[in-house]
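Participant: Residues per chain are reported as follows:
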Amino acid sequence: MKNIVIKFLALFMLLAFTNVSANQSTNESTGTNTHKEETYKSQTFGHMVSGFLKSTGIVAFISPDPDELNAKGEKMSTFHKGLGRALMIILTFFLFWLAIAKGFEPLLLLPIAFGGLLANIPVANIGGAHGFLGVIYSMGLSNEMFPIIIFMGVGAMTDFGPLLSNPKTALLGGAAQFGIFGTLVGAVALSQYGIVDFTLQQASAISIIGGADGPTSIFIATKLAPELLGAIAVASYSYMAMVPIIQPPIMKALTTDAERRIKMTTLRHVSRLEKLVFPVMVLTLAILVLPESTPLIGAFMFGNFLKESGVVERLNDTLQNSLINTVTIFLGLGVGSKLAADQFLVPQTMFIMALGIVAFSVGTASGVLMAKLMNMFPGHKINPLIGSAGVSAVPMAARVSNKVGMEFDRNNMLLMHAMGPNVAGVIGSAVAAGVLISLFQ
Amino acid sequence: METNLIVEGFKFMGLGMGTVFIFLVIMIASMNLMSIVIHKFFPESKPEINPSVAPQQNNKKVVAAISAAITHHRQG
Numbered sequence: 317m318k319n320i321v322i323k324f325l326a327l328f329m330l331l332a333f334t335n336v337s338a339n340q341s342t343n344e345s346t347g348t349n350t351h352k353e354e355t356y357k358s359q360t361f362g363h364m365v366s367g368f369l370k371s372t373g374i375v376a377f378i379s380p381d382p383d384e385l386n387a388k389g390e391k392m393s394t395f396h397k398g399l400g401r402a403l404m405i406i407l408t409f410f411l412f413w414l415a416i417a418k419g420f421e422p423l424l425l426l427p428i429a430f431g432g433l434l435a436n437i438p439v440a441n442i443g444g445a446h447g448f449l450g451v452i453y454s455m456g457l458s459n460e461m462f463p464i465i466i467f468m469g470v471g472a473m474t475d476f477g478p479l480l481s482n483p484k485t486a487l488l489g490g491a492a493q494f495g496i497f498g499t500l501v502g503a504v505a506l507s508q509y510g511i512v513d514f515t516l517q518q519a520s521a522i523s524i525i526g527g528a529d530g531p532t533s534i535f536i537a538t539k540l541a542p543e544l545l546g547a548i549a550v551a552s553y554s555y556m557a558m559v560p561i562i563q564p565p566i567m568k569a570l571t572t573d574a575e576r577r578i579k580m581t582t583l584r585h586v587s588r589l590e591k592l593v594f595p596v597m598v599l600t601l602a603i604l605v606l607p608e609s610t611p612l613i614g615a616f617m618f619g620n621f622l623k624e625s626g627v628v629e630r631l632n633d634t635l636q637n638s639l640i641n642t643v644t645i646f647l648g649l650g651v652g653s654k655l656a657a658d659q660f661l662v663p664q665t666m667f668i669m670a671l672g673i674v675a676f677s678v679g680t681a682s683g684v685l686m687a688k689l690m691n692m693f694p695g696h697k698i699n700p701l702i703g704s705a706g707v708s709a710v711p712m713a714a715r716v717s718n719k720v721g722m723e724f725d726r727n728n729m730l731l732m733h734a735m736g737p738n739v740a741g742v743i744g745s746a747v748a749a750g751v752l753i754s755l756f757q
Numbered sequence: 899m900e901t902n903l904i905v906e907g908f909k910f911m912g913l914g915m916g917t918v919f920i921f922l923v924i925m926i927a928s929m930n931l932m933s934i935v936i937h938k939f940f941p942e943s944k945p946e947i948n949p950s951v952a953p954q955q956n957n958k959k960v961v962a963a964i965s966a967a968i969t970h971h972r973q974g
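Residue numbers (our numbering), protein chains in the order written: chain Z, 317 to 757; chain R, 899 to 974.
It should be emphasised that the hints constitute simulated quantities derived from the structure, not laboratory data. Don't take every hint at face value.
Within a straight-line C-alpha distance of at most 25 Å, the following computed BS3-like cross-link-like pairs (lysine-lysine) qualify [what the hints assert, rightly or not]: (1) Z/697 x Z/568; (2) Z/719 x Z/688; (3) Z/539 x R/909; (4) Z/568 x Z/484; (5) Z/579 x Z/688; (6) Z/370 x Z/484; (7) Z/357 x Z/370; (8) Z/591 x R/938; (9) R/959 x Z/484.
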């Protein structure tokens, strides 16, 4: 069987050779016909083979085309074309491993990593203006469409009940936004001392990682610093996945044993009407105080309003499932297109990764400290462990609060209490994002 | 003219955190107000019906569980 295949291939090659020579002779004889095929120059088979070999990926990696342009049509350095791409492809394999073996936000990390793999293919230029990743990017990322749609879905999944039954825990979600602004100061300090060059816009886009809210980070990054989107999105999602590792040591360091054992009063029942009025009320406040934040808050509350209305179950179901899933695929691939070597392998990326983890830690710490501050005032005591849930990362951060609480008292269920600051954190980071946008208008 | 970026950063922080907290404080106040208004003028009427139904269901479940346990005990 194998022999037959080989013979057949050999025959085919032979035919091809004779064809080429035949073509040559016909071309020479009938010179008048060639003008129709001016773009295609006839060549010998040897030339064709060598031409084809030059267009392979191996050659493109080892000795890249000196005139090759990046996705934006600019010249790239030789490093970014050869070794840089190979390194980025290895990095995407590492991200696959994180997503599949370690379960790090696989829903987003897998599409992002695969998009990154595709964007680093030489010659094909998939991330370019006419490649499909480039088309996805301009379709919904450069105009901030996809993060907004994701926000609608997140709104439809959110239950504001725990927040409504204990409103003051919203302050914890506000305190955690110190992570954003603390990192902003850190980032501009770095560029003030000439360590790395960040503009104020870039520093703001990086600091929003501290909001621990993927869509918000992407929304702000595309608006203020699209060139850093890849690094910001990867930092944001990988640290969100690492919340169970980053938060507990900070939470334990800042609380005493007695504080960790505080039992909170049972949450009261919240009527349906309250849940229905709440999204409209928050949106009204956003309109009055900070219209710049209404794209995010408006989309979020739209999703939540559909859910709480209880009369559009089909739309609610679409938002929570099919729509958010579809957009997640596109969002991931579009962000992945920014993992092209020439945009990701820059010195800034390292600092973005470092600042991102600072942002998370500061946010966690200030949430916990805020809870301790609130306990100094009369009223129902708050377990400081739920303060860390103020960084959004819904519902992971709330689960971490619950888990750490259970370590010290098996009967202390903090999950529902922690959901309050958790969803308030989403609102808080949307407001912070609105402030940042309004400052650059 | 050189602007001190760190000072700018702190200005951003002051304005940003101020806005976030003011927003949330207003939100908390209106949440409390809303719940007072709603509980006063639009109380939920459901809880009166539920208590009479729930115990019966519970009893049935308990009876079923006990009888299952008894049969299991006799068989064993």
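Participant: Tell me the numbers of any earlier hints that the structure contravenes, in ascending order.
Facilitator: 6 and 9
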